[in-house]
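In my numbering, the protein residues as written are 4 to 469.
The set of hints was computed from the structure by calculation and includes no laboratory data.
Some hints here could point you the wrong way.
Claimed, not checked - With a cut-off of at most 25 Å between alpha-carbon atoms, the simulated PhoX-like pairs for lysine-lysine come out as follows:
#	residue 1	residue 2
1	Lys437	Lys379
2	Lys262	Lys276
3	Lys273	Lys330
4	Lys460	Lys242
5	Lys260	Lys242
6	Lys242	Lys276
7	Lys82	Lys149
8	Lys379	Lys426
9	Lys273	Lys262
10	Lys460	Lys212
11	Lys212	Lys149
Said to hold, decoys possible - Quick list of the computed label-pair ranges, beta carbon to beta carbon:
#	residue 1	residue 2	range
12	Asn397	Asp310	49 to 55 Å
13	Asn397	Pro453	17 to 23 Å
14	Glu224	Asn316	35 to 41 Å
15	Thr440	Ser418	51 to 57 Å
16	Asn194	Gly382	47 to 53 Å
Even for Gly, the Cβ is constructed at its ideal location relative to N, Cα and C.
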Amino acid sequence: MVCSKKFILNDCGVSEVFGQVLMTLIVVIMMTSIGIFVLSEPKPSDVPHIDIYEQFDPFNDTIVICNNGGESVPLRDLKLVLHSGSTEYIINGEELSGQLIEECGDNGYWDLSEYISLNVSEVCGLDLENCDEDLVVLLIHTPSKKVIQSSLIPSIYLDDDIQSPNDRIPVDKIPDDGYIWIPPQLLALDNSRSQKGIEGSACLDDVQKIRGGFTTYYPNEEASMYEYFEFGLNESVLKSFGVTFSDYENLNISGAKIKVVYNGHDGSFKWVKLRVWDQTEGRFEEYSMPEYHSGKHNPRWGSEIVDLPHITNAEDLENLNVSILAKANHGKSGMHFLNIDYIAVYIPSGGEKSLSPEAPQGNLIHIENVNVTTSKIQGNTYVATAVVTILDNNNPVEGATVSGSWSGSTSDTDSAVTGETGKVTVKSDEKEFKGNTLTFTFTVNGVTHPSYTWDNKTENGTAVYH
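Model the full structure from these sequences, guided by the hints.
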């Protein structure tokens, strides 16, 4: 019996070892299962990198989104979400695909320079013009579930405080006395930003025609923000508007004027000033302007004409630069703004009006953009395509001969004539890819037209394959 008792006592030791082995086995099995589960999880999709440009037209219920640079993205991987108050509108990739304006053919991708134009009242029933809530616009990459573009449109842009261009003062109500008015030709910029983070906007097309568009400028309390315009009135520009001089180099004029058509959101600014730079003398002259404003009950666009006594010769004209600046009252710089509809200078009788101007008045054509993309021909052979757009004050120019040269991986030249859309397409020579980077740059160095004058500004575009 003694031996039997010892055996039973020692049996406890055997059970403890076996339990530890069993527990270790269970832990190993559990860790293996967790590892398999984690490793089998799909990796998150990469978020595409795109430079997106947006434009909103509340009067026509339209949102335009342009691929301004970066990657091409399958449209099926995108959706647009609009939040207005408590209401959400979702536009999926298939609907977006139907609104795509394509440059590279129907390949299912949103490529460089292609844009999506959405009439949101037709697509989802959203009335932008009468929307009284801030509108949040989200462009979402559905595979990664990431927002790749987010924008806020304050309701101040969407209610009836903002006049439709069709409601502006008629052209014949703006005094011109038969003068030839010449708008800026070189540059328009705005460095302002509202307290809600909305950037000001200005481009030449906004101010070169009455009732053709307008800028948006947000003054601050320090008056450190402004809109700025460079005129660049050289002899060829003046001729294109029908103004000629018998001796341009020794020009001596008096009586030059400048006209500004503008308004503001309300009467909340301390002052509004026009600053005219005299680059020749390195100084400027300032002129105070009244603050016209458009409220719901008193819509008003004003026109101011100011004499420019220090503009007297050709150098003054060629270096004429103008700034518009205002100072907001304390605590009132949030969403208060000025709109500039038109700005132009009058050159007096020091030059005689040409009976046969070299080009129709105001029709100075320019290169709007040069978009270059690459495509595979066969095997490792690639070719680049350049699409060049020629405009005249935001209108497409048909029949312009565009000439240019390729550089980088190829060195050929091309020339073609624009169609009714103002666009022309040229292709580079084919190039074999041997593992190094292929770079294709197309530079437009010549634009001719029988009835228009080119502004002589060259432009180029580049595409890289690697």
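- request: Could you tell me which of the hints above the structure violates, numbers in ascending order?
  value: Hints 6, 11, 12, 15 are the ones this structure does not satisfy, whereas the remaining hints hold.
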